[in-house]
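K.L.:
Single-letter residue listing:
2 protein chains.
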Amino acid sequence: MNLLKGLEKAYYLEAYTIQSLFSFDISPFIQVFQFDKGDFIIQEGTEPEYLFYMVEGKAKLYVTHKNGKVSLINFLTPPIFMGEIELLNEEKYSKSIQTSSKCICLGISIEKCKEKLLADAHFLKYLCIFLSNKSTAHSTKYTKHQAYPLENKLAEFILLSSHQSIYKEKHTEISEYFGVSYRHLLHTFSQLSEAGIIEKIKTGYKVIDKKKLQALADEIK
Amino acid sequence: MNLLKGLEKAYYLEAYTIQSLFSFDISPFIQVFQFDKGDFIIQEGTEPEYLFYMVEGKAKLYVTHKNGKVSLINFLTPPIFMGEIELLNEEKYSKSIQTSSKCICLGISIEKCKEKLLADAHFLKYLCIFLSNKSTAHSTKYTKHQAYPLENKLAEFILLSSHQSIYKEKHTEISEYFGVSYRHLLHTFSQLSEAGIIEKIKTGYKVIDKKKLQALADEIK
DNA sequence: ATAATAATAGGAGATATCTCATGTTTTTGA
DNA sequence: TCAAAAACATGAGATATCTCCTATTATTAT
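Which chain is which? The protein sequence lines are Y and R, in order. Position one of the first sequence corresponds to residue 915 (the working numbering), numbered consecutively onward. Position one of the second sequence corresponds to residue 915 (the working numbering), numbered consecutively onward.
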């Protein structure tokens, strides 16, 4: 992790200005962080220091269970707040965020800024909308995931995440995302292959029968 | 559903004043609703008219899937906002809320009040905290539910919901809450019985071996 | 370039959970 | 109070998913 200064800092502050989210001058309170691939932006159990706003990169929100299982709760892509829960409630971080590529984050010092933020209607309104969208997305995901077998959810996911009919996500990540074992994910992929819906290629899978895939996805509400 | 007037209305407004959540006079915008057991406070697909704040009763938040499955997302108990997501985003209701006993709700007219609410830092701060707690609770529930078998989750739930070692929830509801079949819930109850941890009685179950039950619950993060 | 690490792949058997079917008991509404 | 509806109970067989194991590629770091 690097704290950017000088020209680099200025560049990102200008390219991704977030002043419009606040009704007071936020610039004195912002740092620009650069996280390398694999770095932790936030670690479970540590004390929050910054409210982060990711402007570039891609990260993963994780939680680790007692039994050693890891749940990938979500993929995080800009623009997104991170650590806003801990800004609102005096709590340690309960989840981890790890980058999956280089990430640029604006960090607003909680210590210096908390009171101002919690009194700023403009920011609070934005945050409320952000939180409510997050909540909706989350509850949609999980109620779906509870009500349908992996085959349907995977069909939906392949359609969403493939480009030009090519799917190339990492099995290890996706199995954690769906909360199923690696083995079972593989098994479901080969089912789809055997049904002639997708086809294994060097770099991943190719969608052969989009209609059937869509039909599987459409079984989900 | 009844709109209360006169003395009844005055009684609830006084008993459960929510003026402290707002920095403007909210009283002109509040109605008092009484819902009977089984009534829908909110129905999927309908247009939001009120931001509700439940002060008495108990209700259930549901979603219905294409495949006919129903997920009981949560039990709602006072004090709680309902319909706040739809206040923030211009959307129809995406879930249903049905009472499981008589409920008293304060209803704030969205049409008359939306602008004032979304500019009130005091209210927005409260709402942010509410939403963030909801989000945390939700994500905790679902990551747990994905990572542990019913036996553990049920053990935790029995401990939480039993009084004086007596558990008496409805199987039909609880199976929907956990997103498992009725059959499987029953099966898990009899496992716990066979292990001598609980015992079936007329009105429900009695906790026999609290330590073992706690141990099962403790396997969960 | 090479060793270490992470990701892919698939077999085999166990277990958690589901669906369907059927009967009994309790609760509820007219 | 009686019939209908909801809730409880349980068997049997199917299926979704898991764990453990063992190889074979890719990637990454020194």
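What the hints contain is simulated information worked out from the structure, not anything from laboratory work. Please note that a few of the clues may not be correct.
A pair counts as met if it fits within one copy or between any two copies, since identical chains are not told apart.
As the list claims (entries may be wrong) - Straight-line distance between alpha carbons at most 25 angstroms, and here's what the computed SDA-like set of lysine to any residue pairs gives:
1. K1125 with H979
2. K983 with G1093
3. K919 with K1039
4. K1048 with T960
5. K923 with S1089
K.L.:
Now look at each hint and say whether the structure bears it out.
P.N.:
Evaluation of the provided hints:
Taking the shortest Cα distances, K1125 and H979 sit within 25 angstroms of each other only across copies (21 angstroms), while inside one copy they are farther apart (38 angstroms). Taking identical chains as interchangeable, the C-alpha atoms of K983 and G1093 lie at most 25 angstroms apart whether they share a chain (9 angstroms) or sit on different chains (20 angstroms). Taking the shortest alpha-carbon separations for K919 and K1039, neither the intra-copy value of 31 angstroms nor the inter-copy value of 33 angstroms comes in at or below 25 angstroms. For a Cα distance limit of 25 angstroms, the shortest separation of K1048 from T960 qualifies both inside one copy, at 23 angstroms, and across copies, at 21 angstroms.
Taking the closest pair of Cα atoms, K923 and S1089 never come within 25 angstroms of each other, the shortest separation being 37 angstroms inside a single copy and 53 angstroms across copies.
Checked against the numbered hints given earlier, this structure breaks hints 3 and 5; the rest are met.
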